[in-house]
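Asker: Now for the letters of each chain:
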Amino acid sequence: MTQTKKYSTKSFDCWDRAKELRIDIYRKLAQKASGEKDWLVASGGTEGLIGLPAGLGDDYVPFGGEPYGAATSALGRSEEMMRHCETKGYARDLCGYCRNYLGSIFGDKFSFGGKYPHPDFYFQLHFCDTHGKWYQPAAAYTNKPYFVIDLGASYRWPKWHESDKRKENKFNYLVTQMHDAIEWMQKVTGREYDDEKLAAAVYNEVMSTSKWAECCELNKNVPAPMDEKTMYAFYIIHVLRRHTKEAVEFFNSLYDELKDRIAMGIAGVGHERFRMVHNSQPPWYALHIFRYLEKFGVVCLGSQYDFMLSGGWEYYYDENDVPHVRAAVPPDDLKEKIKTRDGAVRVLASWLLDYGLQIRSFRFPMIERRNIDVSIARDWNCNAAMMHLNRGCEGWAVGQLEVRKALVEAGFPVLTYEGNVADPREFDEARTFARINAFMESQGLQRLVD
Amino acid sequence: MGVIEKFQDIYENRHEYVRDWKSRNPKGKVLGCFCTYVPEEIPYAAGVLPVRLVGSHEIEDETGPYLFGMFCPFCRDVLAQGLEGKYGYLDGICDGNACMHLLQSFEAWGLNVEPKPRVLRVDTPSSTQNPHCRKYLRNELGCFKEDVEEWAGNEITEESLDRAIAVYNENRRLMRDIYELRKADNPPITGLESMYMVVSSQLMDKDEHNKILRDALEELKDRHLDREVGTRLMIVGSENDDVEFMSMIEQKMVLPATVIIDDHCTGSRYFWNEVIPEQDRLQAIATRYIARTPCPAKDFPEYRRFNNILKLAREWNVEGVIVIQQKFCDPHEIDVPPLRQFLENHDLPTYLLELDVTVPVGQFSTRIEAFIESLMEDLIY
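Residue numbers (this note's numbering), protein chains in the order written: chain A, 54 to 503; chain B, 17 to 397.
Don't read these hints as lab results, they were simulated from the structure. Every residue, glycine too, gets a C-beta built ideally from N, C-alpha and C. Zero decoy hints are in this set.
To give an idea of the chain B side of the interface with chain A (calculated C-beta under 10 Å), a few residues:
#	residue
1	Leu119
2	Gln145
3	Asn146
4	Gly158
Put together the whole structure using the sequences plus the hints.
Answerer: Set out below in structure tokens:
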């Protein structure tokens, strides 16, 4: 066995809390399905505006299609759900999450057990080609009302003719629809909308997404205090429930714990000697590939995906015109700004359009999507990159090979492997491991442990 | 050369046409449009020639380093032609925020194709059902107009917009008039010829296309095709500019068939709606692009496209619908099962084909013949 430095490592103190926060959502959805408790459930994409229905009441539970699709895959139930979807005539190359979700409806099954939890309504922010379409058959099949907010094209990157006039038009378009959505939600639920609850949701969303970005920044440290497989257990909290007080508290405690780990020299991967940035979602049914990397002393320390999903990041150029990303800073007068409904809506719209870099990449990737990965690779002290050529998500595949090219040009070797975020039938495990072996050999890395 | 041959000639010699246009308009710029949501009236008003980037249907090996294999064959085909230098005459390219597949080609073209074109973009709304999208698009078109003026070096006046709208509206009207002729029991124009007509309109100066259309309308009124019409088919789906596919249906099968009407963006969706003039020209143009028959990518939360398809099928007396879909296109793929169900609930049989860059003629013709056979009760009984 090759000798190398061994950092101390330990499991996270906040691990159980993270697990509880994740499971809480699905437990409530199961209760809804069984009739045990009639939570107010809105289902749709988790990107963007899951905080908006919070004004309907404390019993609101978001049922996010993408994390549910991922969880279905991780639970090993994709093939079953996808079969339900495909026998209805849906194509096998359709978005993997979408097939898992629609399959749950058509088969009337919930991946965590029991029946599909019929939501009270569907609510969607459309930002990728699939999202607005996905809940059309869902709403039609379950006979539930459906509202879509159209993001249009999001903001452009700074250097692509994005005038203030153009930005203002996009901002106003989004804000107007958010107000419409509130009126619509009141109508379909028969509930009064509470602006104070909205203010709290917006405050929590801004604070928790910003804090998660700060947590990710701490992974610049050598050794990295978190490895990517562990990060998946944390990032999902701001995907599922970033609008809640619990999320803010969780990320504050995670941040403190990460600082402590850095101070004490505790690593995510004990044998860390080679640092990689990942690209795209992982194959959720095969997360053990990250553990396999550890045998070579490799740590994957994050990706544009788990860093930037659900916002909270600023893209900027330094004085030498070199692009970077950093945690977005909440406005100083945040509490003042969100005192009215319109104020809260504007803050949320602004936070999304200014700092929702992932959404921006989906609609207009250009050189900036490449720049983001290169800046992570460079600023997070990486040696190489690992890229999941992901057949299950059009959005994350947009610009992906351009990203690969940019990384290589910037001096970061790229290990690519093909798969599908949610469909295990499109993943060749043996071939993936063979590619990892070959790549590690090319980098002069032998296995440290068996 | 007859009028139909003229359409075909433009289709087959599209690059020669544009080079000739440039020699006749030395100051004119050419804008490659990635989608029919680019409001062509605006660049046209600035003296620019908008041309749509359509398929070549040739096997390519250029796009591998730029487009991951899960992107649709059409967007790969388009990009390949750029990388192969076939569109070296383009001064600019423009995307209409239609779909992420073409967006991917657009991005890769802008970054990798030489000579580097000017990259323009219209940030159209993603849903055309939103009550605020008309106003949003009007304001976006104001920004786009400024971008085009700066790039083309020409001011776009109200007069030039009026002229562009008039030319485009005439083009749409004439093509609709010709589509009306296809309602006849023995239509004077085939589906393939209609495809040549519509695609050629996307590839050339509309003013010049209008002249051919006027002649065509006259000629077609007295044209009698000496062929069996057979089963009257409708084609619904993604972009289709594939000669081999269309000629297979109409010329190469034992059981005769004719494509009578269509719903796709190299067909009726491109030209069906006119700009209704109003004082604010940009609002009028915006309204037209919002009100046009939508691409599935922009048709939500309701399925508004479906009723339009049914209306066309009824009016053109369609007997069967072939649903064609570019592989990997999520918006179409999500629409396909409910669309087929919807049509079949209205007694319109459907058949699904998944398209790639090239067509497996033997396999497809067998499948379509089997479909047609299932429609012909007299053959069975």
